[in-house]
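2 protein chains.
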Amino acid sequence: MAYRIGIVGVTGAVGQELLALMAKRNFPVAELRPLASARSAGSKVTYGGKEWTVQEAKPEAFEGLDFAIFSAGGSISLALAPEAVKRGCIVIDNSSAYRMFPDVPLVIPEINAHHLANHKGIIANPNCSTAIALMGLYPLHQAFGLTRFFASTYQAVSGTGAEAMRELDAQARAWAKGETLAPKVYPHTINFNLIPQVDSFLEDGYTKEEMKMLNEGRKIMDLPGLKVTTTCVRVPVFRAHSIAISAEFERPVDIALARKAISAFPGAELCDDPANKKYPMPLDYAGKEKCGVGRLRKDTLFDNGISLWVSGDQLWKGAALNAIQIAEALHAQGRLARK
Amino acid sequence: MAYRIGIVGVTGAVGQELLALMAKRNFPVAELRPLASARSAGSKVTYGGKEWTVQEAKPEAFEGLDFAIFSAGGSISLALAPEAVKRGCIVIDNSSAYRMFPDVPLVIPEINAHHLANHKGIIANPNCSTAIALMGLYPLHQAFGLTRFFASTYQAVSGTGAEAMRELDAQARAWAKGETLAPKVYPHTINFNLIPQVDSFLEDGYTKEEMKMLNEGRKIMDLPGLKVTTTCVRVPVFRAHSIAISAEFERPVDIALARKAISAFPGAELCDDPANKKYPMPLDYAGKEKCGVGRLRKDTLFDNGISLWVSGDQLWKGAALNAIQIAEALHAQGRLARK
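So the sequence lines, in the order shown, correspond to chains A and B.
Using my numbering, the letters of the first sequence correspond one by one to residues 2 to 340.
Using my numbering, the letters of the second sequence correspond one by one to residues 2 to 340.
By construction, these hints were calculated from the structure, which means they are not laboratory data.
Some hints could be false.
Intra- or inter-copy, both count: the list cannot distinguish identical chains.
25 Å max Cα-Cα, derived SDA-like pairs, lysine to any residue [as the list claims (entries may be wrong)]: (1) 228 x 301; (2) 45 x 144; (3) 51 x 255; (4) 59 x 178; (5) 278 x 189; (6) 87 x 30.
Next comes chain A alone, as it looks inside the complex (with noise of 0.2 Å):
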């Protein structure tokens, strides 16, 4: 068995990714249908030895399809992906346009694959922040049960995109040469800055980033009461997220226990020993397939409260890798060929 698979908006930061991916993990390929904006059809992507020629996303390029992987931004999801169910191929939608759609799964394969049975077309795969900060709290949950969470988020550029990415290069570079270069892509200057703002304002003041944490970690874990307040904030780093979270729980916490629960959860590495100056770092988990949890600890403010330190590499866990291990499960349910 190997599928027909569409990639769209193949050229970007997590359509780069999601072929390196496909090869490491050995992906039973038959077709790859490289899939980009009409300024980029025709050009070539080399996969599994072979060149596929990209051409342009549009209702008639998912014909013939088994399934689709869609990063290129809401709105292309929003025009495309019903076209593409509409011609029997199945949707892995990296953007946030579908996610909170009740008839829309949301899965992070770890926590969520059975949800995966009732999809109708279209399969959302998580906010990168959400995947990696649950890939600590959801183990934890299963341990203690979890009622409410602080995270503050240190978020890489790569969470903007490859033009994100060359953007913090070009500063980094014009400033060791004392020149400056004004921002394109951010509003301010990423390097050697902090910005407060990931994705666009809410009129309560939060962003919309932050409110994906409260949204989509209830839907995926199935926690309608779940409490959350989230701050986003984008850092001069390349590819790693970072979440500093504050969790309680039903139960009463053990921190041995924990860190049991962390070690035992497919999706999480324990990287956790202070007195060697051992905790997860965005350096040392971009470009790791497990997001590091470490700096367990009970919570000084809640009573039964553990705090703890998630990096995790947000083209992977927080995007690319999620969207491959949810076609894995759709593949290992016998959810994933043409009807």
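Given the coordinates of chain A, assemble chain B onto it according to the supplied hints.
Chain B only, in chain A's frame:
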């Protein structure tokens, strides 16, 4: 009235800022006695158009001084502050050595200048993250009654000292040349990375730095029942610290009132216009006396809660400026001259 002033650690990052700020604020200086290790003795410091010779910091060096500001680390303060006091010299100590001593006032002049009345010769200058966080929290406490808060810090390398600032600079320059420079000051690379460790670890998994926010916050604001959880993280930023805070209050909160309280507070500048992408950022608050407070919004976890974001110059409000403000407050209270 002009003072005979000792500066211990005059060659360090904070020492240099002390001189610059004393000049900027026209502090009345009769004699400047720069004090440093024996190694630096004999070198010259220019202040007020005059050259002053650096002397070795030893007990006799404090004879005849009105007051001395110590910025040379805890062990120097422990060894020499009592010697200075014995000689009639008031000590304003930047280290953490005396902060929690019951007979040592720990002072942020905008908050608790009245604690200076009880000093026995040593006055402690607070931890940098605590001082900067309280520029946002204290006016909210006055308005609504603070009960507990979460803080995640984004701490600049200046907090470690001049050598750490040079390390980030050198790592960034090496990176631009395609080279890597092994870390010396920090246990890990800081450029394009995050280090979730500031100061050393305690038995319970917290760092000393993380407990300062709790212990010093309680003492400065006279709130013995205050609950705090902090995660402290070093970020690749040169000299302003930032802190994401979610705080709970006794009384119902109102964001318009919160903004007014921040605007009216002398240590803070309201910088909170998300629609125009205005919020505090470290690049904007390096070299500013006031700390920037923004991202004010009703907290989605606490019932009477506010989330906020503060940036402030670590070397200024986090160290040198607050120390000078303590001297100015003592002067205003008529407590600074030798008896």
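Now the hints, each set against the structure:
no., hint, verdict
1, 228 x 301, "both (18 Å within a copy, 7 Å between copies)"
2, 45 x 144, "neither (48 Å within a copy, 62 Å between copies)"
3, 51 x 255, "neither (52 Å within a copy, 61 Å between copies)"
4, 59 x 178, "neither (44 Å within a copy, 43 Å between copies)"
5, 278 x 189, "between (33 Å within a copy, 9 Å between copies)"
6, 87 x 30, "within (22 Å within a copy, 81 Å between copies)"
Checked against the numbered hints given earlier, this structure breaks hints 2, 3 and 4; the rest are met.
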